[in-house]
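Novice: Here is how the chains run, residue by residue.
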Amino acid sequence: MTTSTVTAPPSAALAKAAAPDPARARLRRRLARWGFVAPAVVFMLLFFGYPLVRNVVMSFQHYTPKTFFTGEAPFNGADNWSSVFQDALFGKALRHTLVFTAGSLLGQFGIGLALAVFFNRRFPLGGVLRSLILLPWLVPMVVSGVVWRRILDQDTGVLNTFLDTLGLGGHTPWLTSPGMALFSVILVNVWIGIPFNMVILYGGLQEIPRELYEAASLDGASAWRSFRSVTLPMLKPVITVVLVLGFMSTVKILDLILALTDGGPADATQTLGTLTYQNSFVELDFGAGAVVGNVLILISAVFAVFYLRANRTEGK
Amino acid sequence: MAVHAPTAPRRRWGSTVAGLLVLAVMLFPLYWMLNTALQPASGLLQVGPVPSGIDLSGFTKALTDQGGNLLTSLLVSVGAVAVCLAIAAPAAYGLARFGLRGSRTIVFGTLITQMVPGIVIANALYSSYVDLGLVNSYAGLMLADASLGIPFSIVLMRSFMVSIPGEVIEAAEIDGAGPVRVFLRVVLPMSRNALITSGLFAFLFAWSDFMFALTLNTTDDVKPVTLGIYQYIGAHVGDWGSVMAAAVLSAVPAAVLLVLAQKYIAAGITGGSVK
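Quick mapping for you: the protein sequence lines, in order, are chains A and B. The opening position of the first sequence corresponds to residue 41 in the working numbering, with each subsequent residue numbered one higher. The opening position of the second sequence corresponds to residue 1477 in the working numbering, with each subsequent residue numbered one higher.
No lab work stands behind these hints, which were simulated from the structure alone. Some clues are possibly wrong.
[Claimed, not checked] Computed list of lysine-lysine pairs in DSS-like fashion (alpha-carbon distance at most 30 Å, straight line):
id, chain 1, residue 1, chain 2, residue 2
1, B, Lys-1699, A, Lys-106
2, B, Lys-1537, B, Lys-1739
3, A, Lys-106, A, Lys-132
4, B, Lys-1537, A, Lys-276
The whole structure should be built from the sequences, with the hints applied where relevant.
Specialist: What follows is the structure in structure tokens.
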């Protein structure tokens, strides 16, 4: 569609100008340039901007299962907000979300960093092994969830069978007891997130000049000392990126929990993500779903502001 | 074996052994998926650590039940990649080259989109999709899945296109090529690697999508394999062999891409998120 504006000038302009009108030519060039960017801007406004606004509006509307036949969703003030906040499940889901996010990030980042440091040493087959570790991250998350659901099965799952062989009990109700389920879900999410953390942190480690380590060892620094005084400070920007991206993708989790536990048992793994889904798409109360979704966005936004501010002070 | 072997190489092979152990732990769940898929008869019973014989009946059943869903996944993912690249590549070039007013805001916007939870998008999109008749349609799911790859692709390709030397583009302009022609004939061929990387990731994002498939479909008309497997575990908990066979089939694209396009994938993860 931009082609026509560029190659075929409007005939009116042709007729008028023996000498081309420079203002008009400039305008045409600017329009052509915007033509490159406009589709993406429109798309992002429709698929990201509009839902943000629409969710705020929806959270003040009364949706029922009949709404999508009648098209009627009357405004009902702050009713959705007060009923969601008074529901004990919301508090639970909020708590689970925070525990899940903190636990996942701690595990993914800690193990990911350890592996990145490990693979940063050169050894035979290191490159091949490093890229094969990516596989768990590339498999669809809901599929990983289903596989783990089988592995963690209380009676016939391989994890309990293995623990039983070692004489370590082996009857743990990983996913079926309300006390264990959230821990197990975090465990699986740590497994999923390790490759991503490892690859990015490894990339960061590769950028650190080797001379710094040589200088440190000339000064007699131990391995631990040079990790603390060279690696960590040099890696700090990459660490921030990994943690922020990890936070954004973990706090909104839905696929994995649905595949592992469906939010159960007894709502023990219900998070803000699954609660939004349940409100809107199971109970068809889109107003309540929008409320929980807005809280989710708010949490992300607060975090993003902290992140941007931290970045800015660092840039100075 | 050699007594006087120098210590350094031996230590290095020690790292290889440790690396293999790490890999074994990380890949065990995927091995177990394959192992269970090959022993469908074991059903509810405990599965042996290695298949005693190769029994493909789980795969036959999975193909019968999920073959159509795999095709749906393929069709939707390819469509999503096409939409994603058609929208993201020109935008990345425009943002990298033209110095448009508002460029920085747009780049910032693409980063902010990563913050918007998918379920929030689905929540609002659903009612619009109902109004537009896009629920239970291929086009609707393709567009939604394309949204998973577009911001990432813009960021990745822009950071690549910024580094294309200006002289190359100016030379083409002096030869009388307009911006569209320069883009198609000069910029795109030079950005081949960035295009491949973006396309791969857009494919993986769309192929892995579960949430849009779950929320934007109310019938079985458009059912990708992720949704198929999720519904499978509800109905067939006794039949883990065929569930796992379906899981193996749905993981094949990831494995193939990892083997064929390894360097692009590592580059994409780092490039798309750090730069």
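Novice: Going through the earlier hints one by one, which of them does the structure break, listed in rising order?
Specialist: Hint check: 2, 4 fail, others pass.
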